[in-house]
Structures are given as C-alpha cells and as structure tokens.
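**Student:** Protein chains in written order, with the working numbering: chain A, 1 to 479; chain B, 1001 to 1266; chain C, 2001 to 2309.
Hints in this document: simulated from the structure, not taken from any laboratory. One thing to keep in mind: the hints can contain errors.
Claimed, not checked - Estimated spans, in silico, between C-beta atoms of each pair: (1) A:Thr68 / B:Glu1043: 17 to 23 Å; (2) C:Gly2090 / A:Glu199: 36 to 42 Å; (3) A:Glu455 / C:Val2071: 42 to 48 Å; (4) B:Phe1090 / C:Gly2120: 42 to 48 Å.
This one's a predicted model, so the numbers in the text were calculated from it and none came from an experiment. Idealized CB from N, CA, C, for every residue including glycine.
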Amino acid sequence: MRCTQYFAVSATVLALSLPAFADDFTLDDVPDISNREAIHVALEAGGGADLIIPFLEKFAEKTGIEVTHESMVFATLYSKQIVELQGGTGAYDLVVTETSWTNEWEDYLVPMEELAEKFDPAGAGGFREYISGHDPGILRMASTRGGNLVGVPYYTYTMINIFREDVLNDAGEQAAFKARYNYDLAVPTTRQQLRDVAEFFTRDAGATLKGETLEEPIYGISLMAGRFPHVQDEVTALLWGEGGRWARAVRDGSGKVTGFAVTEEDMAKLESAFSFYRDLMRFAPPGTENAFWDFATAQFVEGNTMMIPLMYAPLWNWSTDVKNNAKGGRAAAAPVVGERPYTGAFHFAPSRDSGNAEAGYWLLKYIGAKSTQQEMAETGWASARRDSLMAARKEGDDAAYKNFGWINSTVAQWDKQAPDVDDYLHFNSRAFGKLYEQMTIIAHENATGTKTPAESVEAWKRALKRFQNRYDDAKLIDG
Amino acid sequence: MRAVLFWFAIALMLFAFLFPVFWVYLTSLKQPEDIFGAGLIFEPTFYNYRYLVEVRPSLNELLNSMIVSVASTIIVMAVSVPAAYSFARFNTGNGHLLFITISTRMFPGVVAAIPFFIAFRELNLLDTHFGLTMLYVYFNMSFATFLLYGFFREIPTSLENAAMLDGYNRIDVLRKVIFPLIKPGVAITTMFCLIWSWNEFLYAFLFTRRIARTASVGLSTFWGSVEIQWGPMAAFMGIAILPTLVAAWLMQRHIVRGLTFGAVKG
Amino acid sequence: MADADTLTRGPSGAGDRQSSLSRLLNKDSTSKWLLISPLLLFLAAFMLYPTLYSLYMSFTDYIMRGAPNFVGLDNYRYLLDDPVFWEALGRTLFVLVACIVIELCLGLAIALLLNRDFWGQDLIKGLCFVPLLISPLAMSLMWNYMLHIQFGVVNDMLQAIGLPAVGWFSTTGLAIWSIVFISVWQWLPFSIFVLLAGLRSLPRDQFEAAQVDGLSAWRVFFLLQLPMLAPLIIIIVLLRTMWLMRLFDPLYGTTRGGLNTELLDWMIYRTAFVDFDIGLGTAYAMFALYLTLIGCLLMYKRLMRMMKG
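Using the sequences plus the hints, can you model the full thing?
**Tutor:** The following block contains the structure:
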C-alpha cells in the first residue's frame, strides 16, 4: 500500500533528522502513570491507522499500560462513537473526532487544560505552551465555541488546488488560452478564472493537448459530486471563498455564542455557490455525479483531468503519481480559489467516561507532540501541527516533492482563514454532525440537478431550522 | 445445435455469477498503482495477503466470525428444529404463531438495534461473543423455522403414528424416525444460517469493538478517509468467502433437491 | 424411506423408565408447546421487547439526550407530510417489484435449463451458489469499482465489443437499476435453487404422458408445471419482500442514497444513527413494519391455503 512507501521513506529521513528541540515533548518525558488500567483508542480506518498504531505500541511499551485500539470506517465513525458515548459505556478512553463534531460532543469530552491541571506537573500553562506549535485556526476548530480545547489534532484535511503544472506552463496552451480568453493562463484565483480554465481544458478525443493528439477526451477538472460529505466540502469552500456563510454565529458582549443568523446576503452567496458548482459539473468527467476523492483523484492521476480545484491535502501524495501516466505530467499545489478552503482536522479527544483519563492524557500529549508529529509528517502524513510540518519539510528531491509539496499552500491558507473560523457554523453549532449530513444531501442533489440552486437554498433553510433549533440551545435568530 | 445453445447459456450464466468473484481475487493481487487503469495486465503481488496477516488483526476477526457463526447456528438449530416440528406436526398456534415467527425479519434491524444496545449495555453483553451470538439466533431463527417447517411437513404423520403405536416415546421417534429424514433440511438450514451470520455487518459493527469483532466488520475498515485499500480489501474478501464456500460445497447435494419448503406435493 | 430396521427393533430401554419430561413429550397437547417453548422465549425477548420499545418511542421526541417526552402522533404526522419518506418508500417498492420480477423470470428460466442431467452438473450447480456467499457490504464497494464509468472492468468489456461506456452509478434513473442489478446478482441463486428443487420434486411421468398426448413442452410447462410451482413462487415473493423491504447493503459502497436511490432502510438508518432522532426513526420503522406485515400476511394466508389444498 501507499503506506509502506511512507514507511520506507520515513526510515531514511529519520536517520538524518535533527535532535528534538528543548521545548519538545518526548516519550521520555511521560512520568510514571499511577492508574494502571488499560486504555482503548478509537482510530479512523485505513492507512492512517497503520501509521499511528506503532506509536500506540511505543507508548504502551514505555509506560507499561496496555493500549488497545479499534479502527472504524469514516462513514460509521460518527454513529458508532456517539452510540457508545451517549450510552455511557466507557468503551473508548480516547475517541477520534472530526473538528466539526467538537461542539456536538462537548458533553462527552474533557477539556485538555482540565486534565493538565490534574495530571501534568507543568499544569495548564505548560500545556498551552506545548500546544502552541499547532496552527491557531486548527486549535480553534478543535475547541468548543466556549474556547475549551477538547483534544489534540493529529491530521488535517485542508483543501488545496492540485493542478497539472506542465500543462499550465505549456507555451502553446498559454498562447491558445490568451487568444481565447484575453488574459494569461495561470493558476486560477477567481471563480471566473477557474471556470475558464475548466472549460479550456475540456476537450474531445482528437483534439490536442500540449501539441499532442488526444486518444481519449480530457476534462478540465475533477469534482466529487457523489452523496458523500465531500460535495458539501467543495460547496463550502466556494461559499467561504466569497465571504459567504451557511449561517453566522452570533455572539454577545462576552463572546458567548447566543444563536445563529441567516442573512439574505449569505443565502444569495450560497445560491451563487450552488449555481457555480452546477456550472462546473459540465467540465468534469462522466462519473463525477457519484464520485468521491478516490475516483476524482484517480481521474487526475490517470491524466484524464487537468486540475482538482478542491482536494484534501492528504491526496497530494498520490496525485503526484500523474508523472507515471501522463507524458511530462507534473502535479503542483496552490491555494484554492478564494483561499478559504474546506478545512479541519481529526483529533483524538479524551472521553468523559474514560476509566483512565491519566493515561489518556499522556498518550494524547505524546501523539500530538512536536517530534511525534514530525516523525509522521516526514512520511508525507498531513500533520496538523505547524512547527512539525515546517521542521519536516524539505525541498529538492522527488521524495521531498511527493511528501511535502502540499505544505506551503496549506499553511498559507491557514493564515488567511484563521480569523474567519470563529463565525463558521461548522465549528460553532452543536447540531453540526446532523447538519453535515443534510448539507451533503442538499449539495449532492444540487450538483446532480435533482434540485435547482434556489430550491437547494430553501431546503437548506428548512434543514437548518429543524436541526439547529432541535439539537442546540443556541437557536436560529430570525431576521 | 441445442447442445451448443445449452452450453452457451450455461457459460453465460457462470460468467455472470463468477466474474465479479474472479475480479475480487484478481484485485487482491494488485498493487495500488494497478487498481485504476491496469485491467488484466499487471505484475501480481502477494503483499496484500501478507499485509492482512502481519499488520491487521485479520485472523482474530476470522476466528470470531467462526465462533459466532457456528455457535449461533447450533443454537438456532436447537430452537428451530423442535419448533418447526411442532408447527408441522400439530399446527401449533393455527398458523398465527408461525407467521409471527416469520415476521421477525420484517422489522427494520437498524431500529431494533437501539433497544438491544441499551439492554446489552445493562447486561454487559456488548463486545462479547455470547451477545452477538444471541442476536444472530434472533436473526436466523425465523427463516430456519420456516425452512425446516417445510421439511417436517413432507414426512407423513402415519409413519410417526406407527412408531408411537410400536411403543416408541416422542424422543425416540424424533431421534430415530424423524431426524434421519430431515437431515437434508438440517443441512440446508445450517448452511444459510452460517452464511448469514458470517456476512452480517450492522449488528456486528454496533455490538462489538475489539474482542468479538468479526471479519465482516474488518472488511469495512479498508475504506479510509483519503484512500481505499482495494488490494487488502479484496484479499480479505477472498479469504472470508472460503469457509462459506466449503460449507456450501458440503451441503450442495441437498440444496439442489431440498429447497422446496414442503410446498410442492409430488 | 423410513428406517424399517428401527421400527422393528421396538422401544428402547430408556422408554421404560420414562422421565417426567419424556412423559410430557408423549402427550400431543403438552409436547407441542414444550417443543416450541424455546422459540417462544426467544421471540418474547428478541421480538416483543424491541417492537414494544419502538412503538413507545415512536410517540416520543427522544433524541438520545435527556428524557423522552410524549408527543402523541407528532412523528406520524411529520411522516405523512414528509416527501423524503414517501419517495424512499416508493423507490423501495419499485426495487422490490423489479427484483422479484427479474429474479422469478430469470430464476425460472435457469432452473428449467438446469433441470436435466448433464456433464459436470454438480460442479456447475455448486458454482451458481457463489454469489450468495460473499459479503454484500464489501461487494457493494467492489461493484462501485467494477461498474465505474472510467475505471470499471464492465465498461472495459462493453467498449471491447464496441458498445459505449455507461455511467451505471452516475446517471440519475439508471443508478437505481444498478442497485437492482446488484441485488439480483446476489439473490438470483436463491430463486434458482428453490425453483429447481421444486421442478425436481414434480412427478415426471405425468408430464411425459401429457407430451405423448401431443401437448408441446411449453404448454406442459405453463399448464401443468407452473401451477404446481405456484406455492414456491409465493414463498420466494414472501421471503424476498421481507428482505427487500430492508435492503441496505448495496447502497453502502455505491451511491449512499445519491442519484435518487435512497431506500427506506437507508433513510431509517440515517434518521436513527446520524440524526439520532429516535422518535421519528421508530415511527418510520413502525410504519414500514405495518406495511410489510399487511402485504406478507396476505401472501402467507394464500400460501397456507395452497399448502393445505
């Protein structure tokens, strides 16, 4: 699997890596843990679980506390964990959560600083210092709307634009583009440019690309319009990029979220995002109607599409394989149009009904530590810890390009986006796990033409009203 | 000409039934870069199988599947054989009870899962082999009873009466007269129960975690958030089908003759 | 048939010192209830409990947080007005009818094809059973891959014989047929084997005589054999109706309810395990249950009459 490649690379890189910095936290810094109870960790299935398990084993070996784990497919992660958490079974000492579930799960999770005060000689202050290497935006997302950090992020899925550098840089293509659209071909930074690029590179078999005749048709862009969460992520990125919101968090003087507002302006922007997405569908390959990241990226890697305008950074690694399938093919990454991508992270969080919060805390601190995250990042893993990414990043050779090519654009976007996070519905609503599913259905039905953009906006307003008012004490503010 | 047509139809049918399974095995030999676009030509690898054994708790999951399937099937038989006999021989409940039994499969299992979860939590049955076994008994007993009911119906009551007149008691009649006659029925029912317990996902997923987790849950874990491990998944599918294949092969003879539900009078 | 040997050997020794259990078993009136009691116990625990629980919950607003409040018929009222529910129900019925019709027609055709002696018949019949064995959930993901418009092997084959590639799961209107296809692929063997077993147990001489009398093979089949298979056809319809009303697995790895393929059980799953709207979820479930019960009861009554006759 792709993972083994990571491991192979990781071994060589590790041998060269620098000694840890003084303020780093390593396995040796874990004190004796008085509670000897075994802990059970939920993991997100797939290669990610394979990467993390060795670290769990190292922790168990060092502390003598048994660590068991259980991986679950993303599609069922939410349901299974919430059943156990709501049922109060105490099954998971650490749960794996997505940043957009943070507020919803608040009652079941323990704030990290509370644990630090209890178990860590360094206290809450020491913990704040430890965590400061993370991106502030990501940390805010992993916190409740009241500001309590409930877990340590270990993996980001911030979106980037992945495109064919060789195609965009081709002199012939550039001239043809200029002749047709009256401006220079470049990585799109506006919707209009994205649309033009998508249209420009959608070609029938028999046409040419980079001067060579195409045997198969090609398409401008890969999209993920299937009824998976990803179509929601794409529409959201388009909406945020224009400064729009699904709903806006409303705060009182002390900063407490008192409700959510739906403005005319936001809904107009939402409708325009829906329309734009529909428009883009014309330049995506057949099959897009049911696609998710796997087939969307495969289309790019096989050389059938020239750009994935909104794709999760962790898929960068695979995207670079386009060089094996397209002559002269080379992938490059850039910030997405609007520079406000769909973003977030997975984080491990300590559950309130854990029988051994002490061990859970130290395991979290170990997994989220700079050197641990750096070790993961060196394998190409999309760590959410900024200082680890910066330390791991290298340039030059192929391995560096494959593993770290996504980092610059991702971090640049984090900087731009951090101030916005505070009023995104995603990271402030306690109904978000449910709303997410509704948004997915609506965005998919819009993309496939079951509903018009205007109908989709209406469907969203109804869903928001029903779920937000029912599952959260901060309700919709009519206006 | 007829023979050619016949064999053409047979070949077409086998192709339709078996090609997808063949493709599963083929995929299990592929490396990630051969999944898309490589088709039939690629360099085979056994890495996926090694991955299953060395990296994942696959063997444990297969063992759990085995325990739960076999145990639940045995209990289903112990419950369903006497019940089906009673339904067939005495028309117990005038057909109403039999219908109620059959109707257990009509209730959406997703919804029944919630009360079960609450009860199992109280009884400490979550993530236990016993708990999952009981759920599978509940799943399979309705179909098993209905299927066995058909086999019992085919046995003439006169045979039994004659034996009773000869001084046999009920247990002897069941053991020595009836049972040999419904062996094929037991074989078929066993097979269905085994297959369904083996492949069941939703309850296995909700009611187990680590200790009693079965292969069908394991099969779902190849779908990560940024990659699908097609190769290992196909390899695991290929392995997981083998025990059911063996079961089906052993029962094959009976299936062809036996699935009549006692509904056709020769 | 019966073991003549056993019959002549007479009562066993154990019969003389009859235990009380054994005595109870010998009386028809007690033994019939005794034999069925384990089943009744299971039914009480595993059927009565969740059904009553769900019935109760369907009248509440329980969301797995706080205590359930009684809300009367609110959930049912919501359901009656909910287009998503009715669409899912309509689709489920469509899939149900489509699957059953296809499975019966194809199943009968293949059963007739296999109802003879031919070289390698055991092996060939055995191989027909394979689709029933494979995990339907994992298989749905495999189907999504095999039927993909660009990377799927099925389209590769179509294109190899000069046909255009088809967006099996990515075309609204066609996607639901692909779901039907997956389900039929997996369950067709069941119909085949039931009908084949039925054909095998029919008395052959009668049909041969009819053929000698000048009836064509087709007329023999439609006039004589098919009516005799009627109870089996009802059984297939009955069982498949029960299973198809709860069809879930084929959606898992394919459309996940997208492109207008959301079926009832998927929707109920979503309501219960994503929304955790237990009140509404159980109301959907109870409604679906009543519907299935009525449909199946009609078929069941008919079947029982036929089996008696």
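**Student:** Hint by hint, work out which the structure violates, then give me just those numbers in ascending order.
**Tutor:** 1 and 3
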